[in-house]
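*Asks:* The residues making up each chain are set out below.
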Amino acid sequence: MSKFGKHDGLLAREIFAEAAKEAFSRCPKLDPKQDIKAMFIGHMGEAYEHQGHMGAAVADWAGLTGVAATRTESACASSGAALRSGIYAAMSGLADVVMVGGVEKMTHRTTAEVTEYLAMASDFPFEQWHGITFPGLYAMMATAHMHEYSTTEEQMAAVAVKNHFHGSLNPKAHMQKEITLQAAMSSRYVAWPLKLYDCSLITDGASCIILTRPELACKYTDMPVDIIGSGQATDTIGLYQRQSLTSLNATKLAAKTAYELANVKPRGIDLAEVHDCFTFAELMAYEDLGFCPVGASGKLVESGETRLGGRLPVNTSGGLKAKGHPVGATGTAQAYEVYLQLTGQAGPRQVKDAKVGLTQNVGGSGATATVHIYRRDQ
Amino acid sequence: MSAREPFSIEQFYRFLQQHKLMAGKCLKCGKIHLPPRPLCDNCLSQEFEWVNISGKGKLLTYTVINVAPLQFHALTPYAVGIVQLENGLRIPGMINGIAQKQLKIGMELTLDFGTCSTTQQWPQWPRYCFKPPT
Numbered sequence: 001m002s003k004f005g006k007h008d009g010l011l012a013r014e015i016f017a018e019a020a021k022e023a024f025s026r027c028p029k030l031d032p033k034q035d036i037k038a039m040f041i042g043h044m045g046e047a048y049e050h051q052g053h054m055g056a057a058v059a060d061w062a063g064l065t066g067v068a069a070t071r072t073e074s075a076c077a078s079s080g081a082a083l084r085s086g087i088y089a090a091m092s093g094l095a096d097v098v099m100v101g102g103v104e105k106m107t108h109r110t111t112a113e114v115t116e117y118l119a120m121a122s123d124f125p126f127e128q129w130h131g132i133t134f135p136g137l138y139a140m141m142a143t144a145h146m147h148e149y150s151t152t153e154e155q156m157a158a159v160a161v162k163n164h165f166h167g168s169l170n171p172k173a174h175m176q177k178e179i180t181l182q183a184a185m186s187s188r189y190v191a192w193p194l195k196l197y198d199c200s201l202i203t204d205g206a207s208c209i210i211l212t213r214p215e216l217a218c219k220y221t222d223m224p225v226d227i228i229g230s231g232q233a234t235d236t237i238g239l240y241q242r243q244s245l246t247s248l249n250a251t252k253l254a255a256k257t258a259y260e261l262a263n264v265k266p267r268g269i270d271l272a273e274v275h276d277c278f279t280f281a282e283l284m285a286y287e288d289l290g291f292c293p294v295g296a297s298g299k300l301v302e303s304g305e306t307r308l309g310g311r312l313p314v315n316t317s318g319g320l321k322a323k324g325h326p327v328g329a330t331g332t333a334q335a336y337e338v339y340l341q342l343t344g345q346a347g348p349r350q351v352k353d354a355k356v357g358l359t360q361n362v363g364g365s366g367a368t369a370t371v372h373i374y375r376r377d378q
Numbered sequence: 379m380s381a382r383e384p385f386s387i388e389q390f391y392r393f394l395q396q397h398k399l400m401a402g403k404c405l406k407c408g409k410i411h412l413p414p415r416p417l418c419d420n421c422l423s424q425e426f427e428w429v430n431i432s433g434k435g436k437l438l439t440y441t442v443i444n445v446a447p448l449q450f451h452a453l454t455p456y457a458v459g460i461v462q463l464e465n466g467l468r469i470p471g472m473i474n475g476i477a478q479k480q481l482k483i484g485m486e487l488t489l490d491f492g493t494c495s496t497t498q499q500w501p502q503w504p505r506y507c508f509k510p511p512t
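Chains as they are written, first to last, in this note's numbering: chain L, 1 to 378; chain Z, 379 to 512.
Source of the hints: derived by calculation from the structure; they are not laboratory data. Each hint should be verified, as a subset may be incorrect.
Stated by the list, open to error - Each computed DSSO-like pair below joins lysine-lysine, with the alpha-carbon atoms no more than 27 Å apart:
no., chain 1, residue 1, chain 2, residue 2
1, Z, K409, L, K252
2, Z, K482, L, K299
3, L, K33, L, K3
As the list claims (entries may be wrong) - Pairwise CB distance ranges, derived in the manner of DEER restraints:
no., chain 1, residue 1, chain 2, residue 2, range
4, Z, E486, L, A183, 34 to 40 Å
5, L, G93, Z, K482, 54 to 60 Å
6, Z, Q395, L, L261, 46 to 52 Å
7, L, G9, Z, G466, 48 to 54 Å
Backbone N, C-alpha and C fix where the C-beta goes; we use that ideal spot for every residue, glycine too.
Only chain L is shown next, with the shape it has when bound in the complex (with noise of 0.2 Å):
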C-alpha cells in the first residue's frame, strides 16, 4: 500500500507503482513479470486526472505490461470489486496469479469538484439532478435512523474519534492525530447532521495485493492469508427506491454469502475493516454484518468493544475517516490492513491472536458491496 495522503506532483499510475513495489517486495520468490497472469484495478473516476483506461496504465507503470489488465469501476467498491474479480481469475484456473488493487489521485481538485465527481455513483436523473450530494444520501439515512433509533450526533461522532485514535498508530494513514469528541461536535455541518468530522478525506493513495490458488500459495510467499468467504451485492441505484433507508441490503446480502461460505459467524471475526466513507456508515455497518442487534450500533461504538483492545476492534486502521478515501484504492487497502493483522505485522496497533478478519466495501450510496472474510494461515 502506498502512503496515504497527498501526492502533490504524482499521478496515480505513479502512486500506484508505490504499492506495487511493496506487494513485490513482500513476495520475494515471485517473479512479477513471469508469474503475474491478470491484473484487476478499482478506479473510480476518470474526471480527477482525465484519465479513463487506468487497468492498462498502471500495468505500465508497474513493470508489467503485456499483462491482461482491467479496470473495475463499481464507485467505492472498485476495488473491493477488484479482489473479487481476481477470485473469479484465480479459482477459475485461467490465471495462476493475480495482482488486485486500486488507486485514486483526488487532492489537486477542488472539494466542489470532487464533491461533484463523487456523487457521479448515485443516480443522476432523480439524485443529482435535484441536488442531492454524496453526504446528502447518508445524511437522509442517519436522519432516518436517529428517528426510529435514536441514534444521536454523539455517538456518530464517537466513530470518528476512535477512528482517529486508530490512524494515530498507522504511519501509512493521511491523519495521524488524535481528536476529541468536542472537536468532533464542534464541525461544521457538511449534510446535517452529518458535520465535517463525520466524513472521510479527500486523499491519494493505491493499493494491492497479490492472489493465488491456495495450493500455490507456499510456492510465493511463507506467510500466506486464506480468503475463506467473499459475498458481492447490488441494491437499486437510487437511495429513494429501498425498502429500508436504515440499513444496505446489499451490505446484508453479500455478507450472507461471504459468511456461509467461510462457515463463520459474526461473533466468530476477531476484527474488521469497515466502510466508514461517514461515521453513520460504520454504524450501519455494525448492524448489517451481524456484530449487534439492529438500532444497537450507537450503543456498541460507545461501548468501546470497537475500539482497539476491545472484543471486536473496527478499522485499526483508522479507516476511511482517518487512514483516508482515495476511493478506488479503498477495497484492497482494507485487505492489506487484515493481512498486516493476521500476519501479526500491525505494530502498535495489532490485535492480539487475530485468526479471523472481515472487510466491507461499499459503492455509491450502498447500490454495490462487497464482503471478505481472511483468516490466518495455520
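Got chain L; can you put chain Z on it based on the hints?
*Replies:* Just chain Z now, with coordinates in the frame of chain L:
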C-alpha cells in the same frame, strides 16, 4: 394519451413539464413504477400502462446540504428529502417554502412541478420540488 409513449425517464419528465406526475403500471403483476421502467423488476413483464399519481405525500427523511457542487452552490444551505406518495411510491427532491428547522419526518408535502430549464444542453428536465400544502 397514447400507449406508444415509451416508459422512460425522459418521458416521465416530459409529462412533468405538462404538470402531470405519471407512473408506469405493469399490466401483468400490477406493480407501479415511479419512475417508469422498460422491464418490470417484479415479474420482468414489458407491458405497462400510464397511471396518474397524486403529488401529495409524506416526508420520509431529509437533510440540509451545506456543501454542494458548483452548480448548486448558490442555493446552499438547501433542504432535500425523500417523499412517500400514494401506493408506497417514493421520489426525492428539494424542499422549499418552509424554514429548515421546521422540517419533520412524517410531515405532509406536495409536489410543485417547477419549470423546465431553457438550456439547449441535455438534459432538459424540469426541477420539481416539494412544498408544504397551501
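*Asks:* Run every hint past the structure and note whether it holds.
*Replies:* For each hint, the structure was consulted:
{"no.": "1", "hint": "K409(Z) to K252(L)", "in the structure": "25 Å, holds"}
{"no.": "2", "hint": "K482(Z) to K299(L)", "in the structure": "25 Å, holds"}
{"no.": "3", "hint": "K33(L) to K3(L)", "in the structure": "24 Å, holds"}
{"no.": "4", "hint": "E486(Z) to A183(L): 34 to 40 Å", "in the structure": "39 Å, holds"}
{"no.": "5", "hint": "G93(L) to K482(Z): 54 to 60 Å", "in the structure": "58 Å, holds"}
{"no.": "6", "hint": "Q395(Z) to L261(L): 46 to 52 Å", "in the structure": "50 Å, holds"}
{"no.": "7", "hint": "G9(L) to G466(Z): 48 to 54 Å", "in the structure": "53 Å, holds"}
Checked against the numbered hints above, the structure breaks none of them.
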